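A.B. asks: Residue numbers (the working numbering), protein chains in the order written: chain Z, 1327 to 1398; chain R, 388 to 963.
Certain hints may be false.
What the hints assert, rightly or not - If the Cβ cut is set under 8 Å, some of the chain R residues that face chain Z in the computed set are:
1) 408
2) 410
3) 419
4) 569
5) 572
6) 730
7) 799
If you're looking for bench data, these hints aren't it; they were derived computationally from the structure.
Note that the structure is predicted; figures quoted are calculated from it, not measured.
All C-beta atoms, glycine included, are put in the ideal place defined by N, C-alpha and C.
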Amino acid sequence: MLDIRFPIGMMFSIFGVIITVYGLATIGNEALYMPSLNVNINLISGLCTLVFGLVMLFLSEPVKKKLKRKNS
Amino acid sequence: MDTKFALQGIDYLIMAVYFLFVLGIGWALKKYMKNATAFLEAGRSIPAWVAGLAFISTNLGALEVMGMTGSGLKYGMLTTHFYWIGAIPAMVFLALFMMRFYYGSKARSVPEYLKLRFNEKTRGLNAILFAVMTVLASGISMYALAILLENVLGWNFNVSLLASAAIVLAYTYLGGLSSAIYNEVLQFFIIVIGLLPMAILVMSDVGGWGGLQHSLAPIVESKGFAADAWTTTWKYTANASGNPLGVAWYGIFAGLGFVLSFGYWCTNFLIVQRAMAAESMTAARKVPLIGAIPKMFIPFLIIVPGIAALVLLNDPLKGFSLPLNDAGQPIYDYTIIMLLKHYLPAGVLGLGVTALLASFMSGMAGNVSAFNTVWTYDIYQSYIRPATGDKDADDRHYLKVGKMATIVGVLVSIAAAYIASKFGNIMDFLQTIFSMINAPLFAVIFLGMFWKRSTGNAAFTGLLAGFLIALVHHGLTQPEGATTLVKGGWLGVLHVYPVEMAQNFWTAIIAFTTSTLLTVIISLLSKRSKSDAELNGLVYSMTPKLDDSGVIWYQRPWFLATIVGLIMITLSIIFW
């Protein structure tokens, strides 16, 4: 059956990219990051989400199979 | 007080991606839904870790998340009792001692276990109450979601209600229980990732745990409690009046730690169904233990920020406030909403809002997927359609019935949501009543599993009488300051409890005791209805011990249970 790690990995990688890009685009926007204690929380959180998404993807069966085929 | 979020395009984009994946999972699972077993029991093929996360995710609905953050503000660290003593022992017990009978008996639902162990009428009583309860519960959560979307995002009530119902219907209809479980796992991760930035920001704002303790002291003392009453769990439970929860340690132990939690975690089919869908007997027994580990850390995500909110509320410089109700009281359930609004900028805010949406929807889906199973197997198959003897035709037929039940379940939920919007109090009342089903059910299942002498008639009487006595107790008692009969006292007031929590605990304890006593006495007075051979696989002493020697040591349930126990003891000592 479907390995749930694959959609989880895909979804969080997409979230990670969206939020990281937004975080990069808003560097120096002090008004936006006033509530979050002047921290660019989008950049940090986006990168963490992206890492989580990629780890899930690499653990998932469809990706593992592909990697194996490439190696052999 | 403005509760509206100023969402940007990016927040909507995140939400849209989430819905795409939710529906996509349902779509991807569609091709596996060939028979009733696949649709209603996920083909008993779910890996332990997936079922384990779904197991706690089902309980992590948005109402729970919002309520727990609010309780953190109101009761402080004592709220963690709901996650530690009030969940972990029960989950460990379910895993080590009960799961093998649910899974091994080949029962497809908790009511069906009652049928196998006792008799048809005990199953019927439980199945009907459960079916009604789950549909109404899903209606209540739809209603709450629509209200929230109206208040927070400014969306139209009707549109929110129907759109969320349509999405839930789409993915449960397409992928059945598997789809509900997979989406619960998705929801678990999005709750953690969506709420974590808020939790970290609020904690650094109040100066970490040390700063929180320091700032809380004067606030808590002005309420008449010890300086650290909000940051400890057991320290002030010698007397009920010494802690904000208003319950002493024995009440917490017996009420929450035993009756309420065992009743909920060990017998509620909504929860147990996740473990019953596991791929093997070992996996099924591991499910509650795998769920228990993240469960113990969820308080740091939702309860501790609530406690910090008490400091923010009392510091005018922070500019943090809660919306007020008509009586001018703060609405504690909005604590987490206001924290998200206070700290998160566009971007991560979208993730936080999506986390709340996700938990509402998976709550509904969980109810619907438990409802359709009980309806199809325990009501339709047992009372409406006699068996035909053609297994393949039956299986196709029940798949159809299960799918129809999914549609009907969602439609009835929508109706219930509209009733709730007209008569909110009636729904609160019904929810209180349904919470009385679990304690007697646990008494009966516990006796059934561990005492071969207990009989069908005794179980039926115990179940019914326990429920009725809980009703009577609720009708004769009230929490202090109750303004509506929904809180109790509708038969006249014999006793007043200091807080509602204490009343709930005692209702459950009394129901459980009555049920146990009656079941034991009637069993002893009546003749055994099942022979030893018939009880093989259903009763502890009549079933051969399970041999785990073929399983690697770190995969064995006993090993996992020890780890879970050690973590819980450590947490309890740290936050004593």
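A.B. asks: Go through the numbered hints given earlier and state which of them the structure violates, listing their numbers in rising order.
C.D. replies: Hint check: 2, 7 fail, others pass.
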